[in-house]
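Student: Given next are the chains, with one letter for each unit.
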Amino acid sequence: ADLKMDCNAIYGATNFHSQGAKLFADKVAEYTSGSVQITVHPGGSLGFKGPELLKTVKDGTLPMSDILMGVVSGSDQVFGVSSMPLLAKDYAEAKKLYEAAKPYYDKACRRWNQKMLYAAPWPPSGLFTKEPLNTAADFEGLKTRTYDKNGAELLRAAGASPMSLPWGELYSALQTGLVDSVLTSAVSGKDGKFWENLKYFTKINYAFPLNMMVINQDYWDALNPKQQEAVLKAAAEVEAYQWEQSAKSNDDSLKILAEKGIVITEPSKEISDMLNRDAKLMLENTLKGAKKGFKAAIKAYEK
Amino acid sequence: MRAIIRLIEGLSVGGAFLSAAGMIFIVCLVVIEIFLRSVLNTSTLVSSEYGGYALVYLILTGLAYTMKEDGLIRINLLTSHFSENGKRIADIISGILGAAITAFALNYTVQMVYETWDLEMTADTIAETPLWIPQLAIPVGLALLLLQIIAFIARRAINDK
Amino acid sequence: MISDPLMLAVVLVGGMVLFLLSGLWIGFSLYAAAICGMLFCKMNLPPTISVWDKIGDLMANSLWNTMNSWPLSALPLFILMGEILYRTSISTRLLNGLVPWLSNIPGRLYHINVVACSLFAAVSGSSAATTATVGKITFNELSERGYHKSLAIGSLAGSGTLGFLIPPSLIMIIYGILSDTSIGQLFIAGVIPGLTLAGVYSVYIIIRCMMDPTLVPQEKEEFTTAQRIESLKDLFPVFLLITVVLGGIYAGLTTPTEAAVIGVLGALGIAFWFKNLTLSNFKEALLSAVKTSGMICFIICGAAFLSQVVGFLGIATAISKYIATLNLSPYMLIIVLGIMYVMLGMILDGISIVVMTLPIVLPIVTAAGFDPLWFGIFVVFMVELSQVTPPVGFSIFVIQYITGDDVKDILKATFPFFVIMVLMVILVTIFPEIVFYLPEKMIGT
Ligand code: NA
Ligand code: NA
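Chains as they are written, first to last, in our numbering: chain G, 1171 to 1473; chain D, 714 to 874; chain S, 3 to 447.
Just so you know, not all the hints are guaranteed correct.
Stated by the list, open to error - In silico lysine to any residue, SDA-like type, Cα no more than 20 Å apart, as pairs:
#, chain 1, residue 1, chain 2, residue 2
1, S, Lys323, G, Asp1391
2, G, Lys1197, G, Ala1405
3, G, Lys1174, S, Thr50
4, G, Lys1174, S, Thr319
5, S, Lys151, S, Leu413
6, G, Lys1192, S, Ser322
7, G, Lys1461, D, Phe738
As the list claims (entries may be wrong) - Over 10 Å on every C-beta distance to chain S, these chain D residues come out as not near it, computed from the model:
#, residue
8, Ile717
9, Ile718
10, Arg719
11, Ile721
12, Glu722
13, Ala729
14, Val740
15, Leu749
16, Thr755
17, Arg787
18, Asn820
19, Asp831
20, Leu832
21, Glu841
Calculated directly from the structure, the hints in this document are not laboratory data.
Glycine included, every Cβ here is placed at the ideal spot set by N, Cα and C.
Using the sequences and the hints, build the whole thing.
Tutor: As structure tokens, then:
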């Protein structure tokens, strides 16, 4: 039977996750000869924000959605794995972490009446600052905009004063000096034209947060086996492509940032030692009160 | 009948005071945040999160009062030409339609809050606030609004200004 | 069951007009129209999910997501600030203080809406807050002094929309993120068109009042320089308030949202200073702010849900896609897009207009040779226009609430200012230098 589905995408149409969703929709239409049609709605235009998405897909209010795992970690802790700071330090480790945790993601999705089709990482977050970061002491008094609780905790442990601020208010906040640094990826820094207000980017490879594409189980069951097979084929291809795109867009963005005058540096040994130590402590603390799935995923990765 | 209507309207006014308290809460929250930031160089990290929750509370608990004070506006382009009786009937029909939509939304927001509680959903922030707490304002506010609309219909039905 | 988005748009608009005219409250009318849209649309639901559940879940979610918004919380606070200024007679002082300064300018106090909205626009990123706050302060004062209602309403509706064009601006931030344009440059680019628009409003007021002197109350006094200086003590507190609120933002002490709190505290401080603050008028101000915020936010909720449904039905996307297939010449394209935006602006709120159309429209526009920076200002103008067009026009609703006037009269009063906005758009299209002058200057330095 023919099936039409709306797919929610939080980021704008030009963002590479939204473009991945679009590519996925095109491939699905191709492989099912048009019998499964997915309409991607980018830019959050369907009125969803993030933390509610797991439940929204569970109830079938949305047939499909692109979800940043970290924002639904409040619904199911296992989705917080990919945003644990400094757990994966490069793309290879990020892939290893994904593969180790994948059975637990799938299990959690089943609990939430949905199916994960593919997942791909955001390029790694680093620190954009006004002043260079040479020593651990340079973190003292840094007014940093962070995007999640882990980032806030890590920076606080490092001596900075993290602030949560809507992305929309960030630009004026940087201009007026309300914040003087931002924890985010090179891609977001490029999109936000950070060179207009900031000068340095320290590649601390803070985390490779995953974005996943999910489909409501009832909608999935409404597909016939041939359609399901075609959708999975498209998903596998898009997943491989998006991992490449993530690394590529990171390189491209770093190049553009450098051209626009941002000084890009690796963190000094002192800084990375301090951050690694704090991150390890955070992970230990999190594991203490963690749910089963989260613990198992971390254990599978560290094996 | 009139006693019940007055009781409902009393509830609406009570909601308005809760709502006003919500405004004062935001003012205090921001004052603390600005103080921490500019004097102590730290941050509550929750002011924008709690500010959003406070807005949910203050708007929802204030809706019934807005309705009671005839603050929810409508367009009287056509209805202004109706006779007194015609206006009354139009008001009652509007009231029933409004009550139906509110009751429908109330039903689903109760479900939303229950499931959010049942699924133990929390915010992705440092406070990890259980989301059912701020969400609870929605069914409470809608219930107050529903009662107020019923009082409105009753007042129009017994032709009491 | 209908699957054609354009037919669905007709159903949606038709249903909405019907509900609105029947006298159903505006917020409920928007909800009712949206529910009809969902029911008429071919949803392709799997057998396990009922359409009512889908609508109900969407509604519950939409209520939560729309109201759980930190930037929006500035709205009730700015309204509270306006209420405090109004109830403690500081607004009366402000107008008293302005009388001697404006006495020689045709139109006199009519200009207060233009001036106050321009100033307030520099603090607030939204038009609803600008219109509600300034309207509260000025409208009754103008009526009591014998100024004509229609020109006061029109100038308030027109100037209220400046909140989007003069930075900070919520719409520009969203446009900047979606279009990969510098938000800073957009902010700077909006300044000259914004101030020009304010200036043209004032010129229009002057012309109207010169053509028809009865619009202005007759007793005209002559003021000496000494009296003007004397009046400064009435103006000073409000100028101080503006300085503190703006200063807090530009000194990096507060965000624009937090500035609303500074505004409330400042207003309380001034009221205290003039010994006008009593427990009873503070309570009245609070309750009145509750009522006004409830009124605006209820409509915002309805509009947000309607926009969500329009997103699901694919109406905005279908129209933009259709225009993309027409292969129009650059100026024709802008004219057609202008008409499209005015039509969409009738039913959608500003942010939705931008989010839903931009992914399709922006590539066509840049391919036709327009700069995204320029188009950003164009889009902001379009969003401003949407504030004053029926049936869903936020400025019109806010003014109806403040004045209690008939929508018909408000629309009539607003129409000349709508025309001025359209003329401004044409001007900016023919002379894009108006947009580019400041940003290019800034880059040069
Ligand atoms: Na503004
Ligand atoms: Na409109």
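Student: If a hint holds in the structure, say so; if it doesn't, say that too.
Tutor: To see whether the hints hold, each was checked on the structure:
1. S:Lys323 <-> G:Asp1391: violated, 32 Å
2. G:Lys1197 <-> G:Ala1405: Cα-Cα ~9 Å, so holds.
3. G:Lys1174 <-> S:Thr50: holds, 16 Å
4. G:Lys1174 <-> S:Thr319: holds, 16 Å
5. S:Lys151 <-> S:Leu413: At roughly 13 Å apart (the allowed maximum being 20 Å), Leu413 of chain S and Lys151 of chain S satisfy the hint.
6. G:Lys1192 <-> S:Ser322: Given that 20 Å is the threshold and the Cα spacing comes to 18 Å, the pair holds.
7. G:Lys1461 <-> D:Phe738: Violated, at roughly 34 Å.
8. Ile717: holds, 22 Å
9. Ile718: At roughly 19 Å from the nearest Cβ of chain S, Ile718 of chain D sits farther out than 10 Å, so the non-interface label holds.
10. Arg719: holds, 18 Å
11. Ile721: holds, 17 Å
12. Glu722: Holds: least Cβ distance 14 Å, greater than 10 Å.
13. Ala729: Answer for Ala729 of chain D: violated, closest chain S Cβ roughly 5 Å.
14. Val740: Nearest chain S Cβ is 5 Å from Val740 of chain D, so the label is violated.
15. Leu749: holds, 12 Å
16. Thr755: holds, 15 Å
17. Arg787: violated, 5 Å
18. Asn820: violated, 7 Å
19. Asp831: At about 15 Å from chain S, Asp831 of chain D clears the 10 Å cut-off, so the statement holds.
20. Leu832: Holds, since 14 Å exceeds 10 Å.
21. Glu841: holds, 16 Å
The structure shown violates the earlier hints numbered 1, 7, 13, 14, 17 and 18.
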